[in-house]
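J.: Residue strings, one per chain:
Protein chains: 2
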Amino acid sequence: MTEFDNKNDSVFHQTSEYRPSRSLLTMLIGKPLETAESSHQTIGKAVGLAVFASDALSSMAYSTQEMMLILAAAGTAAFGYIMPITLCIVGLLTILAISYEQTIHAYPEGGGAYIVARDNLGDTAAMTAAAALLTDYILTVAVSISSGVAQFTSVFPDLYHYRVLLAMGFVLFIMVVNLRGVKESGLTFAIPTYVFLSSISIMVIYGLFQLFAGDLGTVVDPPELEHDGPFSAITAFLILKAFASGTTALTGVEAISNGITAFKEPRTKNAGETLIIMSVLLGTLLLGVSYLTFRTGVIPSEVEANISQLARTIFHSKNILYLVTVGSTMLILIMAANTAFADYPRLSAMLARDGFLPRQFSWRGSRLVFSRGIVFLSTMAILLIVFFQASVNRLIPLYAVGVFVSFTLSQFGMAKRWHRIGKMKEGEVFHGHISIFKYDRHWLFKMLSNGIGAFCTLIISLIFGVTKFIDGVWFVLILTPFLVLIFSLIHSHYRTIASRLSLSDGEKSSPHITRHRVLLLVSGVHQSSIKALRYARTISDDITALHVAVDPEESEKIQERWQEWGDGYRLTILDSPYRLLLEPLLIYIEALLKKVDVNEVVTIVVPQFVSKLPAISLLHAKAADSLRNALIHYPNVVITEVPYDIDDL
Amino acid sequence: MTEFDNKNDSVFHQTSEYRPSRSLLTMLIGKPLETAESSHQTIGKAVGLAVFASDALSSMAYSTQEMMLILAAAGTAAFGYIMPITLCIVGLLTILAISYEQTIHAYPEGGGAYIVARDNLGDTAAMTAAAALLTDYILTVAVSISSGVAQFTSVFPDLYHYRVLLAMGFVLFIMVVNLRGVKESGLTFAIPTYVFLSSISIMVIYGLFQLFAGDLGTVVDPPELEHDGPFSAITAFLILKAFASGTTALTGVEAISNGITAFKEPRTKNAGETLIIMSVLLGTLLLGVSYLTFRTGVIPSEVEANISQLARTIFHSKNILYLVTVGSTMLILIMAANTAFADYPRLSAMLARDGFLPRQFSWRGSRLVFSRGIVFLSTMAILLIVFFQASVNRLIPLYAVGVFVSFTLSQFGMAKRWHRIGKMKEGEVFHGHISIFKYDRHWLFKMLSNGIGAFCTLIISLIFGVTKFIDGVWFVLILTPFLVLIFSLIHSHYRTIASRLSLSDGEKSSPHITRHRVLLLVSGVHQSSIKALRYARTISDDITALHVAVDPEESEKIQERWQEWGDGYRLTILDSPYRLLLEPLLIYIEALLKKVDVNEVVTIVVPQFVSKLPAISLLHAKAADSLRNALIHYPNVVITEVPYDIDDL
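So the sequences go chain by chain: H and C.
Mapping to the working numbering: the first sequence position 542 is 542, numbers consecutive.
Mapping to the working numbering: the second sequence position 446 is 1446, numbers consecutive.
Chain H with its partners taken away, still in its complex shape (with noise of 0.2 Å):
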């Protein structure tokens, strides 16, 4: 009796760490995934700012060009417009800083747009959220890579015309870093984090400078505005549709809420903070970068991007202090993208584990599902930079609706959240599905702020859905209820197979096994098949051995060796005139189970030859597979391979 017998209704700890063997995809793409050790270390706000900002803070390298490119319809005059959006836009980020801070003190095991309306709204909402969320993920990596490679090709205009392929590249390198899995410690992303922040502070700081010196001089040689036919008037919805377009700004802003459990103890405490100093530098750089856009006549391009005219306008020439702004922003995007491929296997797991994904997906640290995620973001990425030739421009009106559809559900399930909280009583303490719902007597002003943050959102998307329905949220909203329909499906699915298979007490289930057959294939007398025979004598003696007479002169070598080697059990030659093997097999087997009891079991053992070398396994047919797909609906037969091991020859 080994330590295992002993074991009655035991648990069972996990004392060392599972590390399987070598192999060669090992090799290629680095060791599984090791999720227990990452949830040990915790960050401060310094990191956490780093590793949580990059998507908010490189939105900056866009926006205003985006919202640029949709006035310049109207010619150059429209660029008036730029300030008076700006501001709108860093109001909207206060209300939404205001908003994701409530969020973060009520959810502080994490509390991204899902779970929140998971958790005060229901399914259907969660599921909304949800496919709003896994689209964006894709768009993320999409633009953000495409607006990176804008700036790298702004510093080598030469290159413009690889800019797909460039984009490409990015994509593919971030997949391979990510399917290697790489441990980021904080530095890998404190550095280009603090770099770009650095750069562009003392671009704005040294632009407003010469601004009030007054001479801050205008962007040399600008790239051509690029629009045919006559300038459109200034109308409303140009103004906002601009103003959907500089919105992008903002995306990112949830990721604190997000990864609250990464932070260092009072945790809730360090994250809010964060989450106000991120919004504050967003919004002041935001502002600046506009503001000095605008005074020093910056053309909104594809050429040359905006960070790029302005930094060699501010500092006079293409000198290292445009090099390192320029590069540290292609940096922060890429960074940003990098985010959307930790956040992809995250909220699918989640989405598992709730039952709306297949189980599978739920299975943390392993390496199998986890690589399909990320190879299934690049390629959808790949194929949105390849469709829209990577332009930034072409992507925005796919991107952002997502976006702020999930906040507004965010927003309007912590609402309802601080409005059910208010009926509670002082001191009252409630138990919900996912969080804890404590009495809190500023409960009004907490939902009045969450309720104007959804509002605003609710606002931003029916600007968004309207002014860009043609430019492409037409297929975000054929895509968004077409993967809700999936998730519901696969619930339902769940549901129903857990209803079904419940034991109802008193009542016996399955019948008690009265006989057991073994149908032992043998395509020759070799240790392969004398090992599958002796582990056939483990489950009953009840045992037929097959074999399918494909060449006659070896079928009746193979009766002769049997008399010696098959302890005496029966062999059964199924004639094969036409060297068919499976089609024989099934139709004796076939009519055997046509004849077994429905208390009867009738086991097929296979041996298998087995090897870790895929290309090994490929000439070693898996007969047992095959046998399992045709005899799926017959209840009381199982098959079983008995591995032989051919790497060890």
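Hints were generated in silico from the structure; no laboratory data involved.
Check before you lean on any hint, since a few could be wrong.
What the hints assert, rightly or not - Lysine-lysine pairs mimicking PhoX-like chemistry, simulated, CA-CA at most 25 Å apart:
#  : chain 1 : residue 1 : chain 2 : residue 2
1  : H       : K622      : C       : K1612
2  : H       : K612      : C       : K1622
3  : H       : K264      : H       : K438
4  : C       : K1594     : H       : K612
5  : C       : K1595     : H       : K612
6  : H       : K595      : C       : K1612
7  : C       : K1264     : H       : K622
8  : H       : K438      : H       : K269
9  : H       : K425      : H       : K438
10 : C       : K1264     : C       : K1045
11 : C       : K1622     : C       : K1612
12 : H       : K594      : C       : K1612
13 : H       : K622      : H       : K612
As the list claims (entries may be wrong) - With beta-carbon atoms standing in for the labels, derived distance ranges:
#  : chain 1 : residue 1 : chain 2 : residue 2 : range
14 : H       : D471      : C       : I1486     : 49 to 59 Å
15 : C       : R1394     : H       : E553      : 41 to 51 Å
16 : H       : D645      : C       : R1353     : 23 to 33 Å
17 : C       : E1109     : H       : L479      : 29 to 39 Å
18 : C       : G1568     : H       : R359      : 26 to 36 Å
19 : C       : A1233     : H       : P614      : 51 to 61 Å
20 : H       : D645      : C       : I1486     : 18 to 28 Å
21 : H       : D645      : C       : P1108     : 41 to 51 Å
22 : C       : N1319     : H       : R394      : 50 to 60 Å
23 : C       : E1109     : H       : P614      : 28 to 38 Å
24 : C       : R1353     : H       : L593      : 29 to 39 Å
No residue lacks a Cβ here, since even glycine has one placed at the ideal position from N, Cα and C.
With chain H fixed as given, assemble chain C onto it according to the hints.
T.: Structure of chain C alone, referenced to chain H:
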């Protein structure tokens, strides 16, 4: 006791055809092949000509034109070489016909290049022939379809722009037809073949009649001669290159020798006579077509095919005779492509049976294997068509070199065979590996005629290799050795396995099993896990149920319910603080396996939901596969799925 129990060392005779249930896939691509049935029919000479001659006869459609496209580099004056070259090709055809007639009598079971090479020249020659043939089947599809489309667009020049799409459509059409496995009657082949033969004969005879009557016109409004830059001189190299292109007329001559078994008895006589008839027809018509092509001033062009120019000149306009001629040319070309779809899986099966390809390719009647071959062939042909823009002229350099390499090997093999027979005594009979060697007093004549055939085809292979090296032969010269390498690696793998697995007399291989432990994976206490428990009990009494506690609350509930339903077997709960599923299991199992004796065995019983619907199957993870993969190198573990069919719920 059923009838199955009373059989001991008995032979089970197949009494009924195996008919699996109809699935969605079955409805789409038809019921499984009935290989058995197809072997019962045999055909006479008239139908045999139709079935096997399409490849050879159809090459008439492009060989003259391809020859001229090469000569065109030296201007239309070079077209004077058409007839001398055609005469050489017809001479070569005579030699090949005599050679293959001998092969037919020597290999009445079918004497393709692979079989003849394997029987007489050994494995390396056989693998080379096989590699050449497998690539040639792909090229036969690409070339025949491209030429078929060229006939079509000659009639409808507006569709020339869509030739690549048209060609892809034809390949996909033939693919679907072959996937469905329609039963082709002899008639399906006979009608287009005989219409083609009649209309080409009428055209040639009527053309010659006009020529002698002196009123043969020249091509009205011929296509432009595509040629950039100045014309080159008429060099030997150019003429040899044109000759090489023209020899594509000979492709397909070997088809009858592959399909002897399809003929009525006396089959070798019938097959041999069919070959002679085909060769005479091909030679005569080829001479006629080439001569009239020369005399009517046809301009070789990818825009309007040779046959189209000829037909509209001889028949004076694009009338019904023209349409029938060009239409039947198109049909016979498509039929030629279709023959490759039958040859490809047949040769693969032969290679698999001999251990040069994965064994499962030899499972005849397995639609899966067959279908994969068809889809692979179609995909490769489509890739070639897209890459070479459905241009016969650009595909030809890749094509015929493989054909002539296999011709050479086959002829050389036959010559060696006669040499060996020449050393035998009169009346002596020797049973070789594949064929029977019988003394033949004409051995010297036969050796010489096959030897001359081998020499000629070798020379042509060399001419091809030299003149068309940069046009594509280089690729074939890289691909063929690569394929031969793959074949030989597979072959040596199977041989190694076979020798290592053999049981030496007296020695007992695997130890008898003294103890059988069962681990039962339990994700919940429901019908499926109870069914698996019932099964586990018939295997062994040494059962431990394992549950991974991903959700602590749920696992408490499971422990309670197990008390009621677990029949008293122990349940071990594996802690999983980080919600990992497989890792805690693997840690437990590997720890157990390390303590398990060499003559003990552990069966892991995995309850598995199964469904015929792939979409539903995806929702239920195959934990067994993951475990199998992780535990592949532990010799004494067997993983058994106990299926629970959820389609009936």
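J.: The structure should be examined with respect to each hint, and the outcome stated for every one.
T.: Do the hints match the structure? See the list:
1. K622/H with K1612/C: Holds - the C-alpha atoms of K1612/C and K622/H are around 18 Å apart, at most 25 Å.
2. K612/H with K1622/C: holds (18 Å)
3. K264/H with K438/H: holds (23 Å)
4. K1594/C with K612/H: holds (20 Å)
5. K1595/C with K612/H: Satisfied, since the Cα-Cα distance of roughly 23 Å is no more than 25 Å.
6. K595/H with K1612/C: holds (23 Å)
7. K1264/C with K622/H: violated (39 Å)
8. K438/H with K269/H: Holds - the C-alpha atoms of K269/H and K438/H are around 18 Å apart, at most 25 Å.
9. K425/H with K438/H: holds (9 Å)
10. K1264/C with K1045/C: Since the Cα atoms of K1264/C and K1045/C sit roughly 8 Å apart, the hinted pair holds (cutoff 25 Å).
11. K1622/C with K1612/C: This hinted pair holds, its Cα atoms lying about 14 Å apart.
12. K594/H with K1612/C: Judged against 25 Å, a Cα distance of about 20 Å means the pair holds.
13. K622/H with K612/H: holds (14 Å)
14. D471/H with I1486/C: 49 to 59 Å: At 51 Å between Cβs, range holds.
15. R1394/C with E553/H: 41 to 51 Å: Given range 41 to 51 Å: holds, Cβ gap about 49 Å.
16. D645/H with R1353/C: 23 to 33 Å: holds (26 Å)
17. E1109/C with L479/H: 29 to 39 Å: Since the Cβ atoms of E1109/C and L479/H sit about 59 Å apart, the hinted range of 29 to 39 Å is violated.
18. G1568/C with R359/H: 26 to 36 Å: With a Cβ separation near 30 Å, G1568/C and R359/H satisfy 26 to 36 Å, so the hint holds.
19. A1233/C with P614/H: 51 to 61 Å: holds (55 Å)
20. D645/H with I1486/C: 18 to 28 Å: Roughly 24 Å apart at Cβ, these two residues keep to the hinted range, so it holds.
21. D645/H with P1108/C: 41 to 51 Å: Check passed, 44 Å falls within 41 to 51 Å.
22. N1319/C with R394/H: 50 to 60 Å: holds (53 Å)
23. E1109/C with P614/H: 28 to 38 Å: holds (36 Å)
24. R1353/C with L593/H: 29 to 39 Å: Between R1353/C and L593/H, where Cβ atoms are some 30 Å apart, the hint holds.
Checked against the numbered hints given earlier, this structure breaks hints 7, 17; the rest are met.
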